[in-house]
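Visitor: Starting from the two chains in their separate frames, assemble the complex, guided by the hints.
Protein chains in written order, with this note's numbering: chain P, 20 to 178; chain Y, 17 to 94.
Source of the hints: derived by calculation from the structure; they are not laboratory data.
This one's a predicted model, so the numbers in the text were calculated from it and none came from an experiment.
Mixed in with the good hints, there may be bad ones.
Stated by the list, open to error - Here are the simulated BS3-like cross-link-like pairs (lysine-lysine), alpha carbons at most 27 Å apart as the crow flies: (1) Y:LYS21 - Y:LYS79; (2) P:LYS58 - Y:LYS92; (3) P:LYS151 - Y:LYS31; (4) Y:LYS79 - P:LYS118; (5) Y:LYS92 - Y:LYS79; (6) Y:LYS92 - Y:LYS21; (7) Y:LYS31 - Y:LYS92; (8) Y:LYS21 - P:LYS118.
Claimed, not checked - Beyond 12 Å from chain P on every Cβ pair, some chain Y residues (computed): (9) ALA32; (10) ILE38; (11) PHE68; (12) PRO75.
As the list claims (entries may be wrong) - Label pairs and their calculated CB-CB ranges: (13) P:ARG95 - Y:PRO22: 17 to 27 Å; (14) P:ARG34 - Y:ASP44: 31 to 41 Å; (15) Y:GLU59 - P:GLY93: 42 to 52 Å; (16) Y:THR57 - P:VAL68: 21 to 31 Å; (17) P:GLY73 - Y:GLU72: 42 to 52 Å; (18) P:GLU109 - Y:GLU59: 36 to 46 Å.
From the three backbone atoms N, C-alpha and C, an ideal C-beta is built for every residue, glycine too.
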Amino acid sequence: MFRPQTLAEVAQRAREAPSEFSVSLSEFADEFYLDHPDKDAQQRRIDPVPEPLGEPLTDALIGAVGEHLAQRWGLRVPNWTHRPDHFALEEPYFLPDSKALRRVLIVESPPAFRSRLIFTGVEPLDRARFPKDAARARVPLDWPPPPDEEAEPAAMLPI
Amino acid sequence: MTAAKPSYILAMKLKALERTTIDDRDYDDAVNLGAECGVPTAEGLREVFQQFFPDEELPPKAKMRLEAFAEAIRVKLG
Chain P
20 MFRPQTLAEV AQRAREAPSE FSVSLSEFAD EFYLDHPDKD AQQRRIDPVP EPLGEPLTDA
80 LIGAVGEHLA QRWGLRVPNW THRPDHFALE EPYFLPDSKA LRRVLIVESP PAFRSRLIFT
140 GVEPLDRARF PKDAARARVP LDWPPPPDEE AEPAAMLPI
Chain Y
17 MTAAKPSYIL AMKLKALERT TIDDRDYDDA VNLGAECGVP TAEGLREVFQ QFFPDEELPP
77 KAKMRLEAFA EAIRVKLG
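The following block holds chain Y by itself, in its conformation from the complex (with noise of 0.2 Å):
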């Protein structure tokens, strides 16, 4: 069994916050991954993106979120 990468799974989560929930539990998930993988910036967070979905284009919800989303880790990791 191989354990999937944490940039991975990142990239996963950016893809997922495309469904907008009550709970919002992708969003959480993400903040926590990208502060594993020490992705603070919005640009940082693209590239993960782009680095396994290369023909894809980051969801508008992703996109509109990804400022506050970085700026989330930014706090997370103090």
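Excised from the complex, chain P in its bound form (with noise of 0.2 Å):
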């Protein structure tokens, strides 16, 4: 089977094969990296409208993951990404779903997800192929920050 090469691809991916979206994602995330760094095939990748599931944790994750990569990688953040059907989750999601790691969940999940109730890492698509030329966000747990997280403030992200 193809890998999905857009956003909208992943949704019918769901559709059909419910257990397949985590993979399908990550298979995602991959194709989204190997553009890097032709903004414009990002672009692509990210506008084509995707059908809601009506499956609010799968339609957030959608919506967050359409959102966060135009704002992680500076391009335009896809309209469809505001619907209604984005937004629908009523409890708050932690991925991964660990009570330990509650308390930095919250601190760290980008807006994207944190908008939808969903509570995440600060890099949450991490990837073997993220680019290797492109820094990863963090953010300090301890203070005063190692020396080698004190070299890289750009790297990191504002609490």
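Guide: Structure representation (structure tokens):
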């Protein structure tokens, strides 16, 4: 089976095989990262409008990923990400679902996820194919930060 | 070609727990490896990490999850 080329295709896959949503999303992220630094190609991967599934968590994740990738990589945020279907979660979700990490995820979760009641890590789509020349976002958890974190202020996000 | 020891891969996965992603794939892999290596306690996991990374501390997020992680390995082992 082909890797999904757009977020809309991820949604389509999720409709056909809900259990494969996570894998499809990861495969899509790989394709997105392989386009780096071609912004036009990356924009074409998030622009096609996905059909809502009617499943609040999946729809929220698809909206969050579309908005987050645009904000994270300097693209235009697609209008479809603002549809109510992508803001239908009534309760917060922690991804990963770890009680021990909740205090961290509440702080780290990027705005596109937080606004949809999804709490996750600061770089929630980190993959082996994440562009090597791009600094990964970090939130310092210790104070004072270790020396290597002090040396990379541009890679940190404000809390 | 030489295959890496499962305990070394487990130590690498513990290090990778610093990355917190939606799919949490490193965690599931680490639980499977922990079961394969027969390391069902937080202290044992710390020792595996120190064996291969003697000059490093476990990443903060890995430390936070260590007890739950050991519990998940125990459940897997039955």
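Visitor: Now tell me, hint by hint, if it's right for this structure.
Guide: Hints, verified against the model:
no., hint, in the structure
1, Y:LYS21 - Y:LYS79, "holds (23 Å)"
2, P:LYS58 - Y:LYS92, "violated (44 Å)"
3, P:LYS151 - Y:LYS31, "holds (19 Å)"
4, Y:LYS79 - P:LYS118, "holds (13 Å)"
5, Y:LYS92 - Y:LYS79, "holds (20 Å)"
6, Y:LYS92 - Y:LYS21, "holds (20 Å)"
7, Y:LYS31 - Y:LYS92, "holds (21 Å)"
8, Y:LYS21 - P:LYS118, "violated (31 Å)"
9, ALA32, "violated (10 Å)"
10, ILE38, "violated (5 Å)"
11, PHE68, "holds (19 Å)"
12, PRO75, "violated (9 Å)"
13, P:ARG95 - Y:PRO22: 17 to 27 Å, "violated (46 Å)"
14, P:ARG34 - Y:ASP44: 31 to 41 Å, "violated (25 Å)"
15, Y:GLU59 - P:GLY93: 42 to 52 Å, "holds (45 Å)"
16, Y:THR57 - P:VAL68: 21 to 31 Å, "violated (50 Å)"
17, P:GLY73 - Y:GLU72: 42 to 52 Å, "holds (46 Å)"
18, P:GLU109 - Y:GLU59: 36 to 46 Å, "holds (40 Å)"
Checked against the numbered hints given earlier, the structure breaks hints 2, 8, 9, 10, 12, 13, 14 and 16 and satisfies all the rest.
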